[in-house]
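Enquirer: What follows is each chain in one-letter form.
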Amino acid sequence: MVRSAPVEVHRLAANQVTVRDVAQKAGVSISTVSRVLTGSARVSPELRQRVIDAVEELGYRPNALARGLRMRRTAVIGLLIPDISNPFFGQLARVVEDAANNRGYSILLCNSQNSRAREVQYLDLLRQQQVDGVLVVTSGAMGEELEEFFKLTGAAVLALDRRIPQFKGPWIGGDPYPGARQAVQHLLDLGHRNIGLVRGVEGNISSDERYKALNRALVEAGLPEERWTWVGEYTLETGIAAGLALAELPAQKRPTAVIATSEFSAYGLIEGVSRHGISVPDQLSVVGYDNTAFAEVFRPALTVIAQPIEEMGELAVDFILRMINNAEQDEQLPPVAPVAGMRPPAAVKEAVEDAVLPTYLVIRSSTAPARPVSSS
Amino acid sequence: MSTIYEIAKKLGVSTATVSRALNNKGYVRKELKQRILATAEELGYVPNSLAKSLASGLTKVICLIVPDLANVFFALVARGVEDIAYDHGYSLIICNTDGLEDKERKYVRIARERKADGIIFIGSLMSRSYLTELVEAGIPMVIADRYVDGLHVDMVINDNLKGAKAAVNHLIRLGHQAIATIRGPQNTQTAVDRYLGYVEAMHEHFLDIRPEWVRDGDYKERSGYVQTQRLLALKERPTAIFAANDLMALGALTAIEEAGLRVPQDLAVVGYDDIPLAAQVRPRLTTVAQPKYELGQQAMERLIWRLNNAEVEKKAEIIVLQPRLVVRESSLAGSIRSVQSVQGR
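So the sequences go chain by chain: Y and Z.
Quick note: the first sequence, position 205, residue 205 per the working numbering, numbers continuous.
Quick note: the second sequence, position 344, residue 344 per the working numbering, numbers continuous.
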């Protein structure tokens, strides 16, 4: 879907410090300011200092919308993710950095640790570093902050993996439904009829989407929805708690298979049930979500609904570079009248659409034929 | 967002005075300086890095050059680096080299082109010449995880030899004598040191190292699996395996299980790294935990110290972090509970 361009930029631009103000304050020409800012030519130390002082006093920050001169591109893209030590994001960061590097861009890493305060702080840092674009996986909120960041900097902003409410820019992520359908079918084929879910927190768009996709797949397969559902963050601890809770149910009332909507909650689930002597996959089949490098080496190797991590990362870089380049072409258009010159960055927004990549099932050793309940 | 102009206006002083106070340069009366700092905080002043970098020539950018951030070891190191960088207002540019020299060179060049204030470098063993160039060019650098001989640069490293020795000594204490090892790539210092730790422990206990017990892996799970199959096929089968990392140890566990043998009763397995999930796999993996997050933290702290004390002629330091043996089920039979109490968790 193509997002419509916002039009309230005029008002915002009015009270913004421009390079013209800097020049006036420093008592130099705009081209001198430009030379100092871009470091492109010789300027006397005295003039240079005056420009720097003016920049600092006025709180000038180069702005793609308001700037009259074209600043040098930094060829830096910010990557704002929750935590790189989560293997999903580690792999994503790796793919993104490779793809960016191949095209002459560097990646600036920002781990938010799911803290909103830290996300906001990082946006400010990214603005100071004048990044050309930002790829964002947020803890959930942040839509308004991102819109503001976009307006202030004109940098390209793209949401990755998780959808962000109130954010109007493009999004690239996985569609949970294809993988969910395959997972449910796989479990049905193995004779499972009692399937439980370990889902992510409620109210988070992506978490809700995964849950809905799985419920839809269950209902389409003629199974009842929501008979066993455990809720929590995408962590080992959530899975362990779910596993312990499952093990405490009477044997006849337990699911014979569980689908977890993150990889770590699947590992935790296996850990939790095994503390009560329930072994996977003999007594319980487990399907995870994500497909990081761990899924392959875990014992038992984990059957997962796989996210297309590589495609997602590569496409994200491709998209954001298109957005950046479109914005650049836009700036190279002949100058227009000063007021009308504050054009909304339509090209940036319309350069790309949302992209939804299908998930798919990877079958490994954590799923096996259902055993009749009587034998357990 | 406020500027130094607003701070100056509020206090009725010149912007130059505010600038001197905030940047800790030049003379400002102590009492006034405190008032300026308090006002800056009150007004939510954030330094404008553009102005700062134009004035100081500093970019507040650090390049972190690592083999592979998809590897959770390096990701944890990166987290440590990044947390400290964040606290000090530095931005972190990440570079994945796969440990390949040409990629390392390329990223070093990029770091210089971008005028990064400093570099944290985790490289391969053989790459040295351009590191010398960097040092001579005066670019602040800290080498992490790998020791590079003959280079006068701060380094933060893990003691791999000691960790490996502790792992093998643990097996020896359990009564094992026929202990095999699956080594990592011998062109990396970590793998060489872990192998040397194995050799030292065996020699100190006068134990025989049969050539066929020394197998070469590549730190990937598959190589641990394949090399363990070879070990199992030997006429004189070892009773324990020390794998130079956890991934190869996991491969070993799979091969042993497929051969219908039990761990640790038939064969004990010890890994290295303590990756996440080492405590969740079955059997839970005995391994050597090495500081990862802390390694990154210390490297970044050291780099910031260098950046802030550029004028201090201080000799390069080598900071050595200590490994810790974590005993679990793959070497020691027993209930989960008793093993857990050994690790103190």
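Honestly, the hints are just simulated from the structure, not real lab data.
Hints are supplied without guarantee of correctness; some may be wrong.
[Unchecked claim] Over 10 Å on every C-beta distance to chain Z, these chain Y residues come out as not near it, computed from the model:
#1 Val76
#2 Ser85
#3 Gln91
#4 Arg118
#5 Gln129
#6 Gln166
#7 Asp175
#8 Val201
#9 Asn204
#10 Asn215
#11 Ala241
#12 Glu271
#13 Ile278
#14 Ala293
#15 Met312
#16 Asp318
[As the list claims (entries may be wrong)] Now the stretches of chain Y that chain Z is said to cover, found in silico as 3 or more residues with beta-carbon under 8 Å:
#17 103-110
#18 354-360
Ideal placement from N, C-alpha and C gives every residue a C-beta, glycine not left out.
Enquirer: Once the closest CB in chain Z is found, is it more than 10 Å from Y/Asp175?
Expert: Correct as stated: the minimum Cβ-Cβ distance to chain Z is 23 Å, above 10 Å.
Enquirer: Does Y/Met312 really sit off the interface, with its C-beta more than 10 Å from all C-beta atoms of chain Z?
Expert: holds (14 Å)
Enquirer: Since Y/Ala293 was said not to touch the interface, does its Cβ keep a gap of more than 10 Å from each Cβ of chain Z?
Expert: For Y/Ala293, whose nearest Cβ neighbour in chain Z is about 7 Å away, the distance does not exceed 10 Å, so it is violated.
Enquirer: Could you check that no beta carbon of chain Z comes within 10 Å of the beta carbon of Y/Ser85?
Expert: violated (5 Å)
Enquirer: Tell me whether the statement that chain Z covers the region 354-360 of chain Y is true, taking a Cβ distance below 8 Å and needing three residues at minimum.
Expert: With 0 residues closer than 8 Å to chain Z, the region 354-360 of chain Y misses the three-residue bar; violated.
Enquirer: Measuring Cβ to Cβ, find out whether Y/Ile278 lies farther than 10 Å from everything in chain Z.
Expert: holds (12 Å)
Enquirer: Holds or violated: is the Cβ of Y/Gln166 farther than 10 Å from all Cβ atoms of chain Z?
Expert: holds (22 Å)
Enquirer: Regarding the assertion that Y/Asn204 does not contact chain Z, is the least Cβ-Cβ distance greater than 10 Å?
Expert: holds (23 Å)
Enquirer: Evaluate the condition: distance from the CB of Y/Val76 to the nearest CB of chain Z exceeds 10 Å.
Expert: violated (7 Å)
Enquirer: Compute the least Cβ-Cβ separation between Y/Asp318 and chain Z, then decide whether it is above 10 Å.
Expert: Fine: 18 Å to the nearest Cβ keeps Y/Asp318 off the interface.
Enquirer: Confirm or reject: Y/Arg118 is not an interface residue toward chain Z, with every Cβ-Cβ distance exceeding 10 Å.
Expert: violated (8 Å)
Enquirer: Taking the closest pair, is the beta carbon of Y/Glu271 still more than 10 Å from chain Z?
Expert: violated (5 Å)
Of the numbered hints stated above, those contradicted by the structure are hints 1, 2, 3, 4, 5, 12, 14 and 18, listed in ascending order.
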